[in-house]
Amino acid sequence: NAGVTQTPKFQVLKTGQSMTLQCAQDMNHEYMSWYRQDPGMGLRLIHYSVGAGITDQGEVPNGYNVSRSTTEDFPLRLLSAAPSQTSVYFCASRPPGRVYSYEQYFGPGTRLTVT
Amino acid sequence: TQLLEQSPQFLSIQEGENLTVYCNSSSVFSSLQWYRQEPGEGPVLLVTVVTGGEVKKLKRLTFQFGDARKDSSLHITAAQPGDTGLYLCAGPSFIQGAQKLVFGQGTRLTINP
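As they're listed, the protein sequences go chains F and R.
Each number in the numbering used here corresponds to the 1-based position in the first sequence with 147 added.
Each number in the numbering used here corresponds to the 1-based position in the second sequence with 159 added.
The following block holds chain F by itself, in its conformation from the complex (with noise of 0.2 Å):
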């Protein structure tokens, strides 16, 4: 098993272009999230998905679209990029149930730089 993975693993964006971050899974996780980590902040939650055709937002939605068309995919789009939205992106899913009975899975991340 490949576990989750994330594409690509760098990308740099001019301010106002648009790009998706992908993200999979082959454990047949119906929960799925997407973090975003920056420096002395840890991981703060931006959208998840508790089933195919479900998502919701998290703490820091702004400026960032999720769909959830299969249980195995997660995008994360940026639609118009801002400095702002420099940071790593993390990409993470576990089974259902309670948020603690089980271990979140996260993939390598995504580094973004919008300049």
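There may be inaccurate statements among the hints.
Claimed, not checked - Partner residues are not named here, just some residues of chain F that face chain R (Cβ under 7 Å, in silico):
| hint | residue |
| --- | --- |
| 1 | A171 |
| 2 | G189 |
| 3 | P255 |
| 4 | L259 |
Just so you know, these hints were derived from the structure itself, not from any lab.
Glycine included, each C-beta is placed from N, C-alpha and C at the ideal position.
Please arrange chain R on chain F, whose structure you already have, making use of the hints.
For chain R alone, kept in the frame of chain F given last:
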């Protein structure tokens, strides 16, 4: 507002020394998790503590959940360079009506040979 405060934010010690890092909150948590993150990788779960006063050991790492379930600590005995990394605590919190996992800002640990 950060619900989980970790201290210290940075710690650099020599191989063989002992250390403790802390995760504190003014709120009660039903459980806390500890993750370790190495450079260029995503966090990996080390342990989950669910009962007040609980102590769990993972080789040279000892995790404790406070009696009041507002804090947790990670103690490393005889630290080794392989322990270097970012240590994150995380706990469930209700955000916009749903239970989600919130993270502390992390403790960046460097063990010097």
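Hint-by-hint comparison with the structure:
1. About 14 Å separates the beta-carbon of A171/F from the nearest beta-carbon of chain R, more than 7 Å, and the hint is not met.
2. For G189/F, the suggested interface contact is upheld, since its CB lies about 4 Å from the closest CB of chain R, less than 7 Å.
3. At a threshold of 7 Å, the smallest CB-CB gap from P255/F to chain R is about 6 Å, leaving the interface hint in force.
4. Checking L259/F against chain R by beta carbon gives a least distance of about 14 Å; that is not within 7 Å, so the hint is violated.
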